[in-house]
Each structure stands twice: as structure tokens, then as C-alpha cells.
Amino acid sequence: MAWLNRLFGRNNAVNLAFAGVAFALFYLENWRRDIALYDARFFSGWILFACMMVMLLLTWRKKLIILPFGRVRFWLLVHYYVGFLTVAVFIVHTKHELPGSLLHWLLWSLFVLVSLSGLAGALVSKIVPPRLEAQGERFLFDRIPLFRAQLAEQAEAIARDSVLDGNTQSIARLYVGTLSEFFAGPCNIFSHLAASKVPLARILGELSATERYLDEAGKVRLQKLRDLVEAKSNLDFHYANGGLLRLWPFLHVPATYALLTATAVHVVLEYAFAAG
Amino acid sequence: MAEPESEPVEERNRRWDKPFGDEPLDSEAVARILSLPAFADVSAADFQTWLPLDKIIANDGRLRRYQQGEVIIRKGDYGNSLFVILEGGVLTLPVPINTKSQGQASQPERSWWRSIARLFARAKPPEYRATRRRWRGRETVVSQSNVPSGLGKIDIDDAKRQYPTIPMQAPQVFGELAALTGRQRTVTVIASENDTLLFELRWQGVRDIRTWSAPFRQRIDQLYRERGLVSRLRECPIFHHLDQQALDEIARESLFEAYGNVDWMHHFKKEIERRTGASRVIEQETMICEQGDHVDGLLLINRGFARVTERVDYGEQAIDHLSVNDVFGLNEIAAIAAGATGVTLKASLRAIGYLDIIRIPTKLVCKYVLPGLPPHFRGDKWAAAIADPEYVKMRQEMMDFVVDHRFINGEKAMVINLDRCVGCDDCVKACATAHDNNPRFTRQGFSLHNAMIVNACMHCTDPVCLIGCPTGAIHRVEGSGTVVIDDGTCIGCATCANSCPYNNIKMVDIRDKTGAFILDGEGLTISRATKCDLCVDQLTGPACVQACPHDALIRIDVRDSRKLMTWLG
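Chains A and B supply the protein sequences, listed in that same order. The first sequence begins at 7 in our numbering and counts up by one. The second sequence begins at 262 in our numbering and counts up by one.
Calculated directly from the structure, the hints in this document are not laboratory data. A hint or two may mislead.
Unchecked claim - Simulated crosslink set (DSS-like; lysine-lysine; CA at most 27 Å straight-line):
id : chain 1 : residue 1 : chain 2 : residue 2
1  : B       : K690      : B       : K607
2  : B       : K385      : A       : K69
3  : B       : K316      : A       : K68
4  : A       : K69       : B       : K824
5  : A       : K68       : B       : K690
6  : B       : K824      : A       : K132
7  : B       : K421      : B       : K336
8  : B       : K774      : A       : K69
9  : A       : K132      : B       : K690
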């Protein structure tokens, strides 16, 4: 399988060319059947089904990971390019028309959902990792709640100390009013997805506004709090973007199995009610 | 079917559980071995009561009989033992031999059936180990090959015609170089007579006898100096153009020197945990020679790693790192040979951890090495890197990173490209699948920009984890050099885990099929050392690499800077 990895692993143009040639062959054969007055939809339907089965091989490759069937990277590329081919075959199969029945609407909707979620997943997988890397240290997604809890604990301790040791109220008031909620859980998810710094700037602005009421010890505490706020915002950024990487398969995979089930029903019904 | 009744056995492994041979040697064989010149003056009284000499010989040694032409060891394989010829004779050849049987005696079993069975096996509790249904020390390993070493057979007359050979007879010793250093065998050895009988002593036996017996230590070290140095010089590329006479003279005049501390890893771990910064790390490294010093011979790195630095203002900038077979001071000696006066060292050399060097006198370098030396050896690597657009020079920051953290030791380090990693953990899941649902690494580690060196065994060039293992459970696989742990002989002492400078070995408490911890006679849990074994028993190679869908994970020799930097992009 190593030569397959080498052939398909590096060159997108070669992969696209293969997909293009495969589609051209399919299109010619479909056209030949159409002008020969065969019901070409059965042909295009089975090709569509075959493409979907090939795409499912990625899942099986992942399950059979300790058998030498080539790297998952290769099968993901197959998944991508057969995916493009499948969309093209689907368009030919539906004859560029919208569905006319409830089952066909269901099939059409599921196919579009699977295709779009897959495309979105591919894009997200390309875009998000460099964004996370550029943000600094990478966190294990599953450990983010733990780190968040640690930050919340430290922030609460600073607020408490400011009252008990520093005999001031400003920091405690700020903590109760704004920061306790900020540290309690993930915040500003959509802003982080849009890479907006506005929510962080707002909170830091509130901290700066408090500075004038503090003595030197209080200012040191405020600086520590500022660092914690930035660290928490960083965690939220990782949570939002890392969550996106975790979330899209929850849309793509169930929709895929629903599509396969609907396809099976569709095949049975088409053959049951086929003329002749 | 009901399992046969068996006497309950202690589940904790012990030092003598697995003899090297199928059975421990009997007392007659032990007496014969101890009467050999190699063990003359080795006194049983020098040994501890818990580690008696006769038990070491009986358990760590085995007798093997070879027929003419059978390959005993092969050049390039990693060696774990030394041999003493008892009967017959052997021939040494300076080349690796490819036989029809390419088998490896110690290569773990790989089969489709085994992989499929593992995939569909019922899920077991974490760190499950089958309880023993056998008597201790009675497990018989049946060799799949007719040749004891599993390396096949060659035509001895052909070999004599094709290669220069050196004959050896009883009671000579061979293989001590690899057994002492854990490095690759430097020659191929074949049996030159039928019924050649050899005594093979595995390396932990060699180590223990060497530790407790001064005469044995002196004899083995003397052998190492006599033969090892010429072999080392011969395999070093800078001496490839020299004849035997020149090599012999250089070997006679050269000095062995050791720098640094053999226990460097404990100190290093503390410093890394403190994150004290690069300058502190550099300060801790022993200075071998300093920039501006008089040139005192050519320094050849024999074992370990060194850092080449230049003074910049008040600090030192690492400009290169050296490992086995690299040399220091060649350009300066070349300048002296060209007639320059007042030549001093252009850079400093520091030992990273523990370092063995061979110091070759300047006059011999001028006399033998420089004439006929290919020009690329004398070029400045730094300047060459800038001049050659194809050469991807390791960026300063990355070089500091891999040298300060001593990742340059890693031959199969797991590196993740964070620009591509989506955090799907498919690598960890694949690792778990390959190891009965027990992942052998955690997807975390030190990172610089988009490179993360993951906490997974790096299968080091100089694996310090091997040094202290009392049973030899952690060892190199002969052919590939992969560092693996034999679960059947690991006594759970955690010496390897404590020694690993990178915290890549984890101790786990083993469980039975119900998920309960297995306890010893005193009611204590039983630990075993675990780590990445590079999926040595899998058909696919490392499952983590196979599983990564985004080409974000690679197993790489960190010293291969060109490949690393190209891959990181």
C-alpha cells in the first residue's frame, strides 16, 4: 500500500484528475444508456451507492487499524475525492431536479446534510489547528474543564484575599459582579469562533477601571487577576475551536447512517415499483 | 473445558524467573564455564549472597551448538550478549550477511491471525495479565529456525573468497563490544567448523559479573580497548580511507576520555521540571574544551552527545550538536597542517549528559587522516547549510529546543505537527487497540511552535533506561534496535521509569480478568513497566502513524534535521 500512499498522498492535482476521469467515464456510460433508452437511473443509482460504500471504507479502516491496509491518511483522501465524485453522480442521478415525494425529500436532505457537514469538517480540520497553534500552548480538550476549575479557584482566592488581607472591596465586588460568572464556565464561544477579542477587551477594561481605587498590594492582585482572565479567555478559545473539531462528526456520522438506511428503503421501493 | 488444576504461583516476577536458555545450565556446565580463561580469577566470594556467581552463569548463560556456515551474529544487529568459544571455531567477517533465512531469533511474532484475533477479542480490564498456569522457569521457547540464532547459513568457502576473514578458536571471546555498549554488532560471525559449541552470556550477566569481579572487568575492558577501538575507528566515516596499519597506529596512540555524569538523567529531570532556562541547562554540561584553547588532538565522539557552542556577549550560543562518529577540531588541525600558527579552537565543546570521546593526536591526524580526506569532511557545516539551498538548516530556536531537552537522543521520537493535528486522538485509540486497550503514550509533551515531542518512548540512541534493569527485561530487539520490555521478566522495580530522562516509561499495577488488582504474597499490588514498543509485534508498524488521518504524526530521528524541518513545514 505504500506506493498508493505516495501516489495519492502528496498531489491534489493527481487526485482531482483521477476523480475527474472517473466522473467522465461514468457520465459517458450513463449518457450511452440514456440514449439507448435504458432506465439510466438504476445505473447511476448503483454507482452512487457504490461510491457511498467506498466512502464507508474509511470507517472500516479505522476499526481495523492493526491490519496492513494502508494508512488512514490515504483512506481519508479516498474519502474526500470519492466524496466529490459522489456529489457529481448524485446531481446526475437526480437530473438536477428537486425531489417530488416525501421519501425523496428525505433522501435529498440527508445527502445534502452529509455532504455539507463533511465539507465543513474537512475545512474545519484544515483551518482550526493552525489557529489553535497560533494561540499558544495546546491543551488536551478533555482537560480544559479541569484547567478552568483551577483558574476559577485561583481567581476566587484572590478576591477573598483582597477582602480579608487587603481590606478592600473593589476586587471582590468586581469578582461577584462579573468575574465569577466568567470563570464558572465557557464564555463567548461565538466570539472565539470568530476570533474576536472584544469580550476579553471588555473584561480587561472593567479591571482597568477598578485599578484607580486600589493601593499597591491591590494593584498586584489586580494584575494577577488580569493574567487569570487572559488565561481563561485562552482556554475558552481552545474550548470553542477544539469543540468545533469535536462537534462536526456528531452531525456527519449519524446523518450518514440515516442516509444509508433511507437509501436501503429507497432501493427496495424502487425495485418493488419499477415498471417491467 | 475446565482448566487443569495447578498449584498457585506467586505472580510477581523475580530475577531468575526466565533463564536465558530453555533451562538453567546444570552445575557441571557452570563449572566448565567458570574454568575458562575468560572467567579465571573470578572469585565467587566477591559476589553478594543474593547474586551468586554460579546462578548468574546458570541463568544468564546458555550453550549453543552451531554447524559450519551458520551465522551466529550479524553486523548491524543490536547485540545483547557476549560469546565464549568452547569447542570448534568461528570466522569473523567485516560485512553484514544476507542469508536466505532472514529471520530474527528474538523478533516478536507477527501474524494476520493474531492481529484479527486481537481486533475481535472481548474487551479486557485495563492492564490485564493472564495469571500463570505454569511452574516458574519452565516456559520453553521453541525456535522456529533450525539455526540457533535464526539468522540462516552461508557457504563458508564463498565467504572466505569474498571477504577478509579472521579465524577465532576456543577459548576466545567475541561480542563483548556490543554487549558492553548496547550498540550494533561491528562484525558478522559464522561457525567455521561443525559442532562449534559456544557459551553465550546475556548482557545483564556480563554487567553483574563485571560489577562484582575486578579481574573480569579488567579483562573485558582490555579486550574492548584492544579490539573495540580499531573497530570503532574502522566504522567511523572519517577514517574510511585509511589502511589497517594507520588504524592500528592511531588506536595505539589515542586516548579514551569520559566526561559528564552517568547519572545525568536524574539531575536533568529536576532541571527540566523547574524550567530553569537554557543558560542553566548549558552551565550544567561539562566543558570538554573551550573556545580559544590550544588544539589538543581530534576529538571523536564515541558515545553520547556533545554541544558545540560559541560565545556571544555574556552567553553561549549552540551552533551544532555532535553524536557518535562526529569529530571536533578537524578544521583547526587542517589549518595547523597548512602551516598556520597560533591556531586555537573556534568553538567550545560541552558534554550533554555523559560522553565518551576518543582523543586522536594532532600529528597522526596530519600524517594519516588529512591526506586523501574527502573535502566534505572539512567544510564548515554551518556555512554549507547556508550555501546549499536544498539543505534545510535547523533553525536556532529548534536546535536549542531539541538539544536543551536532549531530544537528540531520540531515534524514533513521536513528533506531532500542531498545525495539522485536530486532536481527534485516533493515534491514542490505535495505540490502545494494538495493546489490548492500554494506550502506551499520552498525547502531550514539550512543544515549540508547531512541533510537539510527545511523551512516547523515543527508542534512544543511548537508552539510559537499559542500564540499571536488574533482569534485562528492558532490552533492544536484535535486528531493529527497538527498545522493548519483556513483561514476563519485568520485576516492577521502576529503575527504568526513574532513569528515563523524558518520563516516557509508566509503571502500572496489573489486574486479573475480573479487573481486580493482582496481589503478591504480602498483599501488595504488582507493578510492571510499560511504554511504547513501536508496535513491534504488529503487521503495520507503529499504529499511531497508521491511524493519523491528517499526516500530523511522525516517528523520526530527531537528529535528521532536514527531514524534521521539511515535515514541519
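Checked hints:
Between K690 (chain B) and K607 (chain B) the CA atoms are separated by roughly 50 Å; this puts the pair beyond 27 Å, and the hint is violated. With a CA separation close to 17 Å, the supplied pair K385 (chain B) and K69 (chain A) stays within the 27 Å bound. Among the hinted pairs, K316 (chain B) with K68 (chain A) is inconsistent with the structure: their alpha-carbon atoms are about 49 Å apart, more than 27 Å. For the hint linking K69 (chain A) to K824 (chain B), the alpha-carbon distance of about 30 Å lies beyond 27 Å, and the restraint is violated.
The straight-line distance between the Cα atoms of K68 (chain A) and K690 (chain B) is roughly 10 Å, inside the 27 Å bound, and the hint therefore holds. Of the supplied pair hints, the one linking K824 (chain B) and K132 (chain A) holds, its CA atoms being roughly 22 Å apart against a limit of 27 Å. Annotation: proposed proximity of K421 (chain B) to K336 (chain B) holds, straight-line Cα distance about 16 Å (limit 27 Å). Distance restraint check for K774 (chain B) and K69 (chain A): the Cα-Cα separation of roughly 24 Å lies within the 27 Å cut-off, and the hinted pair is therefore satisfied.
With a CA separation close to 21 Å, the supplied pair K132 (chain A) and K690 (chain B) stays within the 27 Å bound.
Going through the hint list in order, the structure does not satisfy hints 1, 3 and 4.
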